[in-house]
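Work out the full structure: start from the sequences and follow the hints.
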Amino acid sequence: MTLLIHPGFHKTGTTWLQEQLFSDKALFNMMMSHVEIDSLIVRPHDFDFDAGPARFQVAEKLSSSQAVNVLSSEILVGNPFYGSRDAVGLAHRLHAIAPDARILLTIREQGAMLRSLYQQYVKRGGSLPIRKFLNQQCEPGYFGFAPDIFRYERHAALYAKLFGAKSVLVLPQELLARNPRRFVDLLLRFSGHPGLPDDHKLSADRPGKSFPPGGTPLIRLANHLRPSVLHPGGPRASRWIGESLLRLGYFCNIGNNRQRRQWSAVVNPLRDGYAASNRALQPYCPVSLEEFGYVMEDNTEG
Numbered sequence: 001m002t003l004l005i006h007p008g009f010h011k012t013g014t015t016w017l018q019e020q021l022f023s024d025k026a027l028f029n030m031m032m033s034h035v036e037i038d039s040l041i042v043r044p045h046d047f048d049f050d051a052g053p054a055r056f057q058v059a060e061k062l063s064s065s066q067a068v069n070v071l072s073s074e075i076l077v078g079n080p081f082y083g084s085r086d087a088v089g090l091a092h093r094l095h096a097i098a099p100d101a102r103i104l105l106t107i108r109e110q111g112a113m114l115r116s117l118y119q120q121y122v123k124r125g126g127s128l129p130i131r132k133f134l135n136q137q138c139e140p141g142y143f144g145f146a147p148d149i150f151r152y153e154r155h156a157a158l159y160a161k162l163f164g165a166k167s168v169l170v171l172p173q174e175l176l177a178r179n180p181r182r183f184v185d186l187l188l189r190f191s192g193h194p195g196l197p198d199d200h201k202l203s204a205d206r207p208g209k210s211f212p213p214g215g216t217p218l219i220r221l222a223n224h225l226r227p228s229v230l231h232p233g234g235p236r237a238s239r240w241i242g243e244s245l246l247r248l249g250y251f252c253n254i255g256n257n258r259q260r261r262q263w264s265a266v267v268n269p270l271r272d273g274y275a276a277s278n279r280a281l282q283p284y285c286p287v288s289l290e291e292f293g294y295v296m297e298d299n300t301e302g
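Here this note's numbering is used: the first residue of the sequence shown is 1, the next is one more, and so on.
FYI, nobody ran anything at the bench for these hints, they're computed from the structure. Take the hints with a grain of salt, since some may be wrong.
Each computed SDA-like pair below joins lysine to any residue, with the alpha-carbon atoms no more than 25 Å apart [what the hints assert, rightly or not]: (1) K161 to A87; (2) K166 to A87; (3) K132 to L3; (4) K132 to P269; (5) K132 to D86; (6) K166 to D100; (7) K161 to H92; (8) K166 to V229; (9) K132 to Y250; (10) K209 to D24; (11) K161 to V42; (12) K209 to W240; (13) K166 to A96; (14) K25 to L3; (15) K209 to S23; (16) K161 to G52; (17) K201 to T2; (18) K166 to S64; (19) K209 to S264; (20) K132 to I254; (21) K166 to A275.
Quick look at the structure:
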């Protein structure tokens with residue numbers, strides 16, 4: 001069977017895909033965990049990377065059944081908090097490992113993506129307000145978030161150049177949310193599978209929701225008072241205060257609308273800048289992106 005590589009993106013239903021869909025052994029054969037993908041593909045320095053060990057593991061775990069062999073991890077498009085600057089190198093590593101693979105890119109409308117990613121940044125310990133996070137001005141040699149990483153057509157075009165245009169499929173998270181059976185059927189058929197059987201039930205479980213917008217100020221404050229993924233050296237003496245504020249933030253709906261307005265004022269100008277990218281992306285996607293709210297450049301002439 002075909003090897004399907006799903007390198008991301010973050011915040012596009014990847015947890016459900018990995019924990020519920022790709023773990024369904026009747027349809028898929030998950031070949032590596034996040035830890036294995038990180039160890040064999042992502043983490044090695046450019047001086048040290050060797051495609052051989054990953055290539056060997058892929059060959060060893062290939063299934064000869066009808067199940068689709070799949071490698072899936074959103075870390076394969078890089079860390080968005082730092083501008084996904086390793087996205088191109090990771091694509092080339094994947095090609096060195098499995099040049100005949102097919103590529104699935106899952107995406108999300110950029111306005112929703114920017115808001116969701118900011119919430120993830122705060123959840124992981126970030127303390128910048130959204131305007132500074134999305135428009136970071138870093139010192140030379142240091143990097144932060146870069147809005148251009150969500151010009152999805154650049155990623156699709158890169159994978160098309162490496163693997164062939166017919167080997168790249170783009171599916172929106174919005175289709176997964178609205179019509180999961182069609183989403184799954186499209187990716188199965190793209191992978192050489194006959195398609196989703198009519199009697200096959202998909203898991204209705206969904207990952208837990210993020211904190212409400214109104215909780216953002218509390219959690220940002222909490223992140224100054226505790227160690228976190230992004231700030232492991234944070235103060236430990238005040239950790240109990242930070243953890244208490246963090247828990248409170250998940251229940252704070254006061255100011256939800258105000259936070260949404262503030263976020264929209266920052267996000268909407270960036271969102272409008274993706275119109276040309278989305279138009280160029282459309283040929284890789286079998287459903288209308290415009291119908292799912294993606295801003296589109298007018299392609300009429302005259």
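We went through each hint and held it up to the structure:
1. Distance hint between K161 and A87 is fulfilled; the C-alpha atoms sit about 14 Å from each other, no more than 25 Å.
2. A distance of roughly 21 Å separates the Cα atoms of K166 and A87; the hinted pair therefore holds under the 25 Å criterion.
3. Simply put, K132 and L3 have alpha-carbon atoms about 40 Å apart, too far for the 25 Å limit, and the pair is violated.
4. For the proposed pair K132 and P269, the alpha carbon gap of about 14 Å is at most 25 Å, so the pair holds.
5. For the proposed pair K132 and D86, the alpha carbon gap of about 22 Å is at most 25 Å, so the pair holds.
6. At most 25 Å may separate the alpha-carbon atoms for a hinted pair to count; K166 and D100 meet this at roughly 11 Å.
7. Of the supplied pair hints, the one linking K161 and H92 holds, its CA atoms being roughly 10 Å apart against a limit of 25 Å.
8. Among the hinted pairs, K166 with V229 is inconsistent with the structure: their alpha-carbon atoms are about 39 Å apart, more than 25 Å.
9. For a cut-off of 25 Å, the pair hint linking K132 to Y250 stands: about 23 Å separates their Cα positions.
10. The suggested pairing of K209 with D24 holds, with an alpha-carbon distance near 23 Å, which does not exceed 25 Å.
11. In summary, the hint linking K161 to V42 is supported, as the alpha carbons are separated by about 21 Å, within the 25 Å threshold.
12. Pair hint K209 plus W240 holds up; C-alpha atoms about 24 Å apart against a cutoff of 25 Å.
13. A distance of roughly 18 Å separates the Cα atoms of K166 and A96; the hinted pair therefore holds under the 25 Å criterion.
14. Between K25 and L3 the alpha-carbon distance is near 15 Å, which keeps this suggested pair within the 25 Å criterion.
15. This hinted pair checks out: K209 and S23 have alpha carbons roughly 21 Å apart, not beyond 25 Å.
16. Taken as a hint, the K161 and G52 pair is honoured in the structure, with Cα atoms around 22 Å apart against an allowance of 25 Å.
17. Note on K201 and T2: the hinted pairing holds, with a Cα-Cα distance of about 23 Å set against a maximum of 25 Å.
18. About 23 Å separates the Cα atoms of K166 and S64, which keeps this hinted pair within 25 Å; it holds.
19. For the given pair, K209 sits about 20 Å from S264 by alpha-carbon distance, which is consistent with the 25 Å threshold.
20. Distance hint between K132 and I254 is fulfilled; the C-alpha atoms sit about 23 Å from each other, no more than 25 Å.
21. Distance hint between K166 and A275 is fulfilled; the C-alpha atoms sit about 23 Å from each other, no more than 25 Å.
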